[in-house]
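Engineer: The chain contents come next:
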Amino acid sequence: MSDNGTNGNHKGKKTFIVFSDEMDKVLAGFVLANAAAAMDDEVTMFFTFWGLNVLRKKHPPHVNGKTGLQRMFGVMMPHGPSHLPLSHMNFAGVGPKLMSKAMQHQHVASIDEMIETAREQGVKFVACTMSMDVMGIKEEELIDGIECAGAASYLAEADEANLNLFV
Amino acid sequence: MSDNGTNGNHKGKKTFIVFSDEMDKVLAGFVLANAAAAMDDEVTMFFTFWGLNVLRKKHPPHVNGKTGLQRMFGVMMPHGPSHLPLSHMNFAGVGPKLMSKAMQHQHVASIDEMIETAREQGVKFVACTMSMDVMGIKEEELIDGIECAGAASYLAEADEANLNLFV
Amino acid sequence: MSDNGTNGNHKGKKTFIVFSDEMDKVLAGFVLANAAAAMDDEVTMFFTFWGLNVLRKKHPPHVNGKTGLQRMFGVMMPHGPSHLPLSHMNFAGVGPKLMSKAMQHQHVASIDEMIETAREQGVKFVACTMSMDVMGIKEEELIDGIECAGAASYLAEADEANLNLFV
Chain V
3 MSDNGTNGNH
13 KGKKTFIVFS
23 DEMDKVLAGF
33 VLANAAAAMD
43 DEVTMFFTFW
53 GLNVLRKKHP
63 PHVNGKTGLQ
73 RMFGVMMPHG
83 PSHLPLSHMN
93 FAGVGPKLMS
103 KAMQHQHVAS
113 IDEMIETARE
123 QGVKFVACTM
133 SMDVMGIKEE
143 ELIDGIECAG
153 AASYLAEADE
163 ANLNLFV
Chain X
3 MSDNGTNGNH
13 KGKKTFIVFS
23 DEMDKVLAGF
33 VLANAAAAMD
43 DEVTMFFTFW
53 GLNVLRKKHP
63 PHVNGKTGLQ
73 RMFGVMMPHG
83 PSHLPLSHMN
93 FAGVGPKLMS
103 KAMQHQHVAS
113 IDEMIETARE
123 QGVKFVACTM
133 SMDVMGIKEE
143 ELIDGIECAG
153 AASYLAEADE
163 ANLNLFV
Chain H
3 MSDNGTNGNH
13 KGKKTFIVFS
23 DEMDKVLAGF
33 VLANAAAAMD
43 DEVTMFFTFW
53 GLNVLRKKHP
63 PHVNGKTGLQ
73 RMFGVMMPHG
83 PSHLPLSHMN
93 FAGVGPKLMS
103 KAMQHQHVAS
113 IDEMIETARE
123 QGVKFVACTM
133 SMDVMGIKEE
143 ELIDGIECAG
153 AASYLAEADE
163 ANLNLFV
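Chains as they are written, first to last, in the numbering used here: chain V, 3 to 169; chain X, 3 to 169; chain H, 3 to 169.
Fair warning: there could be bad hints in the mix.
As the list makes no split between identical chains, a pair holds if one copy fits it or if it spans any two.
Here are the simulated SDA-like pairs of lysine to any residue, each with C-alpha atoms no more than 25 Å apart in a straight line [said to hold, decoys possible]:
1. Lys59 with Gly82
2. Lys140 with Met105
3. Lys126 with Asn164
4. Lys60 with Gly14
5. Lys68 with Gln123
Bear in mind the hints are in silico, worked out from the structure with no lab data behind them.
Model, not experiment: these values are computed from the prediction.
Same shape as in the complex, but just chain V (with noise of 0.2 Å):
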């Protein structure tokens, strides 16, 4: 990781946002952000509404307060990595099943590895706050280490980067 750390204007600094939890897009993003980390650029990954269910735990905590559409929300959007649908050739969920073997096949980490490398990388995860609010999700439900902010939070880091991608 960058010695820099935050103090502005890093050439090398780059933001991804992710949008979509599509598991293709996801693995676009996450090699990127790995690239860049192995490169020892300093990667910030804000995860943004469909995007936030790559951050949900498998086994999330109880939480109370949640309204009807927040709940149902939650039942139906992916819980974390192992279940993401492709963007194309979905068919049903068969489609992932089948990529995660040609990855597997060919060497390629999983996205669950993928997030394990990011993490020892130090790449940062941020959840976008207003995302959380509009589907109800908390902070506990999300894995561990995980940062909440907003959009401000977002391009002050983006005006401190030379590559920003929303994903």
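Could you slot chains X and H onto chain V? The hints should help.
Structural biologist: Same frame as chain V, but now just chains X and H:
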């Protein structure tokens, strides 16, 4: 709004290409655009392809000289921000209604309100002329105060910006 | 094309990640890439995941050593730019035909023609090696003159560019 106007290399300028007419993506674009404008950045949003539908008037005037195909596009595509689909869990239009309700419950502005805020904050809206030609959308069918321009104009603005996202 | 070649920090360099094989998104990528190249910018397009299908030959040579899964991917995914689906209103392939007709009527080039223009203008095409491995696509199945490279190569180019979009 920035007092730097349009003269080059304004540090905080941002551009957003709104390609999609999916409610969730459009929302992401406006949240970022409005947050940047609130921080005094100069912001331009380019509406292209399906994204043009965000700018369509609810009750557009009758326009002559469209091909049958263009009339068909016009009828089938959403008229303005109130009828945008969701990229996931659309459920034949029920999903967007539920999402709107969830947003309202969390005091998140509707896309209609975000458009109004963007304009009040001086965010520039540009409609892509090539997409307008292909889909047969005329300037008078779009909300007032939109600039119509092409890819070269986008690139010139992006060259001056420090954040350019394709949403 | 720029006479600055590939040496660092060329002000006007642009990169585009073409992740999708949806006709409308591919179109957006080529319109921007070609407009930038026409303005003497150095342009690199990275084709990854479904985007690889844009580069597939219509009649690829037979290739040995594919797994059953890779053969299945090969059969099911589009062969080249003539058979790309639309992201919206695809209607089992009728949508893209109508869109092509609308483009032709407005004298907008087809994707086939845009690819040709891009190459004439010196736009560099790069195919993502990891995606090729996973989907079992071999270099000889892609159109000629493509470079094959990975995420690190993309990041190095993006570091030199002032516009990087994920389409």
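Engineer: Are the hints correct? Go through all of them and say.
Structural biologist: Checked hints:
Proximity of Lys59 to Gly82 under the C-alpha cut-off of 25 Å is restricted to the intra-copy arrangement: shortest distance 6 Å within a copy versus 37 Å between copies. Taking the shortest alpha-carbon separations for Lys140 and Met105, only the inter-copy value of 16 Å comes in at or below 25 Å, while the best intra-copy value is 32 Å. In this homomeric assembly, Lys126 and Asn164 come within 25 Å of each other (Cα to Cα) both inside a single copy, at 16 Å, and across copies, at 21 Å. In this assembly of identical chains, Lys60 and Gly14 lie within 25 Å of each other by CA distance neither inside one copy nor across copies; the values are 34 Å within and 40 Å between.
For the identical chains of this complex, Lys68 and Gln123 are neighbours neither inside a copy (35 Å) nor across copies (34 Å), given an alpha-carbon limit of 25 Å.
Hints 4, 5 from the earlier list are contradicted by this structure; the remaining hints agree with it.
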